[in-house]
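Could you slot chain G onto chain D? The hints should help.
Below, each chain spelled out in residue letters.
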Amino acid sequence: MNAANGQERNPAEEDLLLLAELDVLFDKVDPMPADLVDRVRFAIALEDLDVEVARWVHAEERVGVRGPSPNTVTFTVEDLTIMVSLTPAGASCRFDGWLVPGGPHTVEIRVSGHPSTITSADSDGRFAADEVPRGTTQLVVHIVDDRGERSRTVVTPTLVS
Amino acid sequence: MAVDTWEGLTGHDRHAACLVAAQAGNRRALDTLVVDLTPLVWHVARSQGLDRSSAEDVVQTVWLALLCKLGQVEHPKALAGWLITTTRREARRTKAAGYDRVAPVPTETLEDFPTPPAQTTPDTPEQVVLRDDRDRRLWGAFSRLSDRCQELLKLTVLAGRAQYEAVADALNMPRGSIGPTRGRCLDRLRELVGQEGGHRERRQRPGA
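Residue numbers (our numbering), protein chains in the order written: chain D, 1 to 161; chain G, 162 to 369.
One chain only, chain D, in its complex shape (with noise of 0.2 Å):
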């Protein structure tokens, strides 16, 4: 491992020792989850690089999701809400969804492993897909403006349908 930069002594042998075991035992009391670095390549592996993140409004969904039966979820940020409504239907999930404010916006729902299911809301911002493969999901809003340009992304954490 490194020696210590310029500004710092050398630590002793047995500091690095002390320091490799801590390491590992880090691991040992608190593993991470063993797919959280593949979730987290997959969700920032976005073509843009602008985005903005909405975040979960309740945790207790989330535990929801990760189960079997339908659910709602909802993320915010700042002046946009998605809210998704997850049905499992066999190896597929039906997706039912509303932004708020509404808009003609572009929801692209990405999974692991699949190709992107593409769907528009409508003038109210509801917006429906079947058939979206289950597994690891993030949805990608590209917000449209008044002149019907895209103009902002936002993305949402990974959820498990």
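Think of the hints as simulated: they come from the structure by calculation, not from any bench. Each hint should be verified, as a subset may be incorrect.
[What the hints assert, rightly or not] Restraint-style ranges between C-beta atoms, simulated for each label pair:
| # | chain 1 | residue 1 | chain 2 | residue 2 | range |
| --- | --- | --- | --- | --- | --- |
| 1 | G | G344 | D | E149 | 55 to 65 Å |
| 2 | D | V100 | G | G344 | 51 to 61 Å |
| 3 | D | L16 | G | R309 | 18 to 28 Å |
[Said to hold, decoys possible] Among the chain D residues that face chain G by a calculated CB cut under 7 Å, a handful are:
| # | residue |
| --- | --- |
| 4 | L17 |
| 5 | L36 |
| 6 | I118 |
Fair warning: this is a prediction, and the values are worked out from it, not measured in the lab. Just so you know, even glycine gets a beta-carbon here, dropped at the ideal spot from N, CA and C.
Here is chain G on its own, set in the frame of chain D:
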């Protein structure tokens, strides 16, 4: 194919090289950063008392935030420090919003091994019980260090040992004092490991 510019580098030199390459659009460089530094982000998020699900989301949010700010990171060598600061801010924001409904797992609650963690931490089924005696003693001793020492040692280990600057900035400590303070924390840890051996006397946790 050209050799990656970060190949063979370690610590903040490696991260800086990756960041510069990522800024130029190299996706593999970004991937390398994610693989190298996600453990740091994860443990910092957990150190803020988030449950595992919330910590997972914070980890993703932090990396997405980096993606948005990729062109604006002016000092690539400060990346680890930026990640630490951003993770803490995001974790505090998550907690302040009341998102964190499941009981958090402060490291102190894991003190009394070999109590199965599942008993106090229902959200961590995969969490291993430390069976090895040395591990148990070391963890017991670590948990009895001051919060400041715990944080300093954790960040030192996770951010890479060369990253005094990142750790110093994250802890608001003068850079020159990181080494000596860390030395004292490690000395204290050794002392506590010794005590963990036979008797488990309880002593007041020293102030941070």
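Right, here's what the structure says about each hint:
Taken as a hint, the range 55 to 65 Å holds for the pair G/G344 and D/E149, whose Cβ atoms sit roughly 59 Å apart. Between D/V100 and G/G344 the beta carbon distance is about 55 Å. The supplied range of 51 to 61 Å therefore holds. Judged by the Cβ atoms, the range 18 to 28 Å given for D/L16 and G/R309 holds: they are separated by roughly 21 Å. The beta carbon of D/L17 comes no nearer than 10 Å to any beta carbon in chain G, farther than 7 Å, and the hint placing it at the interface is violated.
Checking D/L36 against chain G: minimum C-beta separation of about 6 Å stays under 7 Å; hint holds. At about 20 Å, the closest approach between the beta carbon of D/I118 and any beta carbon in chain G exceeds 7 Å, and the interface hint on this residue is violated.
The earlier numbered hints that this structure contradicts are 4 and 6.
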